[in-house]
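*Asks:* Chains G and Z, in that order, give the protein sequences.
Following our numbering, the numbering of the first sequence begins with 3 at its first residue and continues without gaps.
Following our numbering, the numbering of the second sequence begins with 3 at its first residue and continues without gaps.
What the hints contain is simulated information worked out from the structure, not anything from laboratory work.
Check before you lean on any hint, since a few could be wrong.
Any copy, or any two copies together, can satisfy a pair, since identical chains are not distinguished.
Pairs of lysine to any residue residues, derived as SDA-like cross-links and limited to a Cα-Cα distance of at most 25 Å, are as follows [what the hints assert, rightly or not]:
no., residue 1, residue 2
1, 337, 60
2, 7, 193
3, 369, 425
4, 206, 402
5, 339, 247
It should be emphasised that the depicted structure is a prediction, and the values quoted were computed from it without experimental measurement.
What follows is each chain in one-letter form.
There are 2 protein chains.
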Amino acid sequence: LTEEKIDEFRENFLALHAYDQARFYMKVGPDIRRTMYHFLSPEEMAEIFEALELDDEEVQGFIKEMDPTYAANMLSYMYTDDVVDVLNELDKADRDQFLKLMDEETAEEVTELLGYEKHTAGSLMTTEYVSVQENSTVRSAMNVLRREAPDAETIYYIFVVDENHRLTGVLSLRDLIVADEDALIRDIMNNRVVYAKVTDDQEKIAQIFKDYNFLAFPVVDDNLVLQGIITVDDIIDVIDEEASDDYSKLAGISDIDDIDAGPFKAARQRLPWLVMLLFLGMLTATLMGQFESTLEKVALLAVFIPLISGTSGNSGTQALAVVVRGIATGEIDEKSKLKMIFREMGTGLITGLACGLIVVLVVFLWKHSMMIGLLVGTAIFCSIFVATLAGSFIPLLIHKLGIDPAVASGPFITTLNDITSILIYLGLATLLLGQL
Amino acid sequence: LTEEKIDEFRENFLALHAYDQARFYMKVGPDIRRTMYHFLSPEEMAEIFEALELDDEEVQGFIKEMDPTYAANMLSYMYTDDVVDVLNELDKADRDQFLKLMDEETAEEVTELLGYEKHTAGSLMTTEYVSVQENSTVRSAMNVLRREAPDAETIYYIFVVDENHRLTGVLSLRDLIVADEDALIRDIMNNRVVYAKVTDDQEKIAQIFKDYNFLAFPVVDDNLVLQGIITVDDIIDVIDEEASDDYSKLAGISDIDDIDAGPFKAARQRLPWLVMLLFLGMLTATLMGQFESTLEKVALLAVFIPLISGTSGNSGTQALAVVVRGIATGEIDEKSKLKMIFREMGTGLITGLACGLIVVLVVFLWKHSMMIGLLVGTAIFCSIFVATLAGSFIPLLIHKLGIDPAVASGPFITTLNDITSILIYLGLATLLLGQL
Numbered sequence: 003l004t005e006e007k008i009d010e011f012r013e014n015f016l017a018l019h020a021y022d023q024a025r026f027y028m029k030v031g032p033d034i035r036r037t038m039y040h041f042l043s044p045e046e047m048a049e050i051f052e053a054l055e056l057d058d059e060e061v062q063g064f065i066k067e068m069d070p071t072y073a074a075n076m077l078s079y080m081y082t083d084d085v086v087d088v089l090n091e092l093d094k095a096d097r098d099q100f101l102k103l104m105d106e107e108t109a110e111e112v113t114e115l116l117g118y119e120k121h122t123a124g125s126l127m128t129t130e131y132v133s134v135q136e137n138s139t140v141r142s143a144m145n146v147l148r149r150e151a152p153d154a155e156t157i158y159y160i161f162v163v164d165e166n167h168r169l170t171g172v173l174s175l176r177d178l179i180v181a182d183e184d185a186l187i188r189d190i191m192n193n194r195v196v197y198a199k200v201t202d203d204q205e206k207i208a209q210i211f212k213d214y215n216f217l218a219f220p221v222v223d224d225n226l227v228l229q230g231i232i233t234v235d236d237i238i239d240v241i242d243e244e245a246s247d248d249y250s251k252l253a254g255i256s257d258i259d260d261i262d263a264g265p266f267k268a269a270r271q272r273l274p275w276l277v278m279l280l281f282l283g284m285l286t287a288t289l290m291g292q293f294e295s296t297l298e299k300v301a302l303l304a305v306f307i308p309l310i311s312g313t314s315g316n317s318g319t320q321a322l323a324v325v326v327r328g329i330a331t332g333e334i335d336e337k338s339k340l341k342m343i344f345r346e347m348g349t350g351l352i353t354g355l356a357c358g359l360i361v362v363l364v365v366f367l368w369k370h371s372m373m374i375g376l377l378v379g380t381a382i383f384c385s386i387f388v389a390t391l392a393g394s395f396i397p398l399l400i401h402k403l404g405i406d407p408a409v410a411s412g413p414f415i416t417t418l419n420d421i422t423s424i425l426i427y428l429g430l431a432t433l434l435l436g437q438l
Numbered sequence: 003l004t005e006e007k008i009d010e011f012r013e014n015f016l017a018l019h020a021y022d023q024a025r026f027y028m029k030v031g032p033d034i035r036r037t038m039y040h041f042l043s044p045e046e047m048a049e050i051f052e053a054l055e056l057d058d059e060e061v062q063g064f065i066k067e068m069d070p071t072y073a074a075n076m077l078s079y080m081y082t083d084d085v086v087d088v089l090n091e092l093d094k095a096d097r098d099q100f101l102k103l104m105d106e107e108t109a110e111e112v113t114e115l116l117g118y119e120k121h122t123a124g125s126l127m128t129t130e131y132v133s134v135q136e137n138s139t140v141r142s143a144m145n146v147l148r149r150e151a152p153d154a155e156t157i158y159y160i161f162v163v164d165e166n167h168r169l170t171g172v173l174s175l176r177d178l179i180v181a182d183e184d185a186l187i188r189d190i191m192n193n194r195v196v197y198a199k200v201t202d203d204q205e206k207i208a209q210i211f212k213d214y215n216f217l218a219f220p221v222v223d224d225n226l227v228l229q230g231i232i233t234v235d236d237i238i239d240v241i242d243e244e245a246s247d248d249y250s251k252l253a254g255i256s257d258i259d260d261i262d263a264g265p266f267k268a269a270r271q272r273l274p275w276l277v278m279l280l281f282l283g284m285l286t287a288t289l290m291g292q293f294e295s296t297l298e299k300v301a302l303l304a305v306f307i308p309l310i311s312g313t314s315g316n317s318g319t320q321a322l323a324v325v326v327r328g329i330a331t332g333e334i335d336e337k338s339k340l341k342m343i344f345r346e347m348g349t350g351l352i353t354g355l356a357c358g359l360i361v362v363l364v365v366f367l368w369k370h371s372m373m374i375g376l377l378v379g380t381a382i383f384c385s386i387f388v389a390t391l392a393g394s395f396i397p398l399l400i401h402k403l404g405i406d407p408a409v410a411s412g413p414f415i416t417t418l419n420d421i422t423s424i425l426i427y428l429g430l431a432t433l434l435l436g437q438l
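Bound-form chain G, shown alone:
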């Protein structure tokens, strides 16, 4: 990229979709990026930034490469929800500097948005929406729309407000287009409008989008005054993030998204879980130590330990996964919790019985000892029952206490079930020792 090529670059580059521009921007080195700041206006750069994954550490580096005035200008052209994402990646001093350099009105709106807690509707919403008064006509609403179209994040929903800017209805552009030009907005709007409060959790918002198939969604304060809107593209990111979060918890890992991290960073993300579970595993070893004399007498017993603890771990994880997802999707609510526990008790009994019988049979055929077969089979039956119950009961209990049930991660439940299954097995074995 040289000075003479500026026109050629602009022509080819600006014809690309913003996402492809963003990919190019991410791939090139800092030198070419600096030339790009020179070749492209802050407004053009704003479109690239809106196509980036903004909740990423790299963004901080990009912003610092730019001239502060250029960066502040770019931020002024971006949708306020995206500006919030960028500023959240910077430290406080930089954030304040940019807010001072930015266009005053935008800076004020952004400051307000920055005040909302993470993962709430307030922190997700943007203030660039189209609103009309309920007593205006379709014609005047269309004019508002044309005027605001270049700046609004979506023009496909028009939000209707009263003189105090309280939300009273909603209208799709589709309704507006097929309506008579002289009709009053009040008469054609939908007044059963679904909305969220600024403090609502993002998981709740995502569920509403999934249920109602909205493209955008209004957010109000306690007095029903319209504060902003949330658009479906932001919600797709939330759905992805929540699913990824449940998934990582099931795998016992803090942050799954960072594919590019080096081995040290990856190890740092995984070690806290591993070490915590290691100490829990030591507890298992300590408890097993109590049975050392039993194990000394019948060494064959040890051979079945991984089978029993593995099976109990598997059934516990299955129950855990069903319950955690059920809570996350809202399918398990207060009323169905008790039903769920009874269901899991039944499931534990059935799967335990089936696996127990298989084991009795196989061990008998293999070791020709009915005693060992019955012991291992009974241990499997009991362990599966207890593990299934623990896998469903613990996340429900944690949820009841107001904590995200996904913290009862897969490996945690598995290690817990290791302990109970081994206690059951070696306890039974010790009781039966005379018979073995």
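Fit chain Z to the known structure of chain G by using the hints.
*Replies:* Structure of chain Z alone, referenced to chain G:
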């Protein structure tokens, strides 16, 4: 609901959002549903059906409650992609009967859509889109739009075609609204249009929606002839489904969505995995049987088995989760696969070393035996390294073979790692037996 209340019911019910109507419809019994078929027109019922989760067995029951002509009429009013979902739940005879009773044009379109394989763009798309010729004016395009608005699934994108119905561009309603009425579509359209082929996998489509933030997206055949569109609400369901699928595989469970299933159904879903893993666990027991004499000599060895196999299981699952999600989101591609394996080797070394050292120290302090400490520590180090490598290498290999990497489920990898970690541990112990 009695005959006299028909007007009152219609007034209250039709004021509800379709999703809330659908919730009511799902909650009431078959008697009230039959009255609803009487009170509501097929067109009104179609809106309720579009708000239901259509890929569900219950749908079959609902359809069978209706008079076949009423049901066929209702299907004719629905978007073709939703009709496909409903018909896919019916058996062939019923499907053919409804296709005969349906409006001929819709039936033809639906038959074509039914021919596409599941999880492809073809099976997701709808044929109710708005298209205009590239040589028409903005004014005439707006007229097409007004005419088609009541039937189209989205009017926010207008797809531009040539005389052979080949896709040549795309235009948002926003572009159209701010354009001069006499402008030619050809001159204002975006001709760098992103599209999918009918045979493309739904996961690829979901990724495009996430990257580009589209609300709708055209699907073409091999000759670039426009066949249909996919809308963002359907993609949200796909994203949810894919995430749920990865999640269930990690937990070793076939179908996680069915929260309402009774204990027998739940057990049937979980048993195939449990039993398969049980037999894999028997293999572990058989292999351990080879070390029975070692275990007989030093019973203390058995005490550390759950600790070692548990830790190796945990680190394997962590690596697996990172790689499976990385492949699913497209962040790991052909080029970065090798890099990924080296990264995981490094991560395995670091986490293995850290956990190994902790164990040496703790076991030494607890059992006052440097020998046992070194043995268990070395086994933990080797197991973590092998488990991390297996957890990343196996899904990458499976993916290379063209199979969904999620089939390398969590419990499968864990059981495999049980085997290797125990072999490592007891193998080392047998070698060192003279020293113990």
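*Asks:* Could you work out which earlier hints the structure fails to respect and list their numbers in ascending sequence?
*Replies:* none
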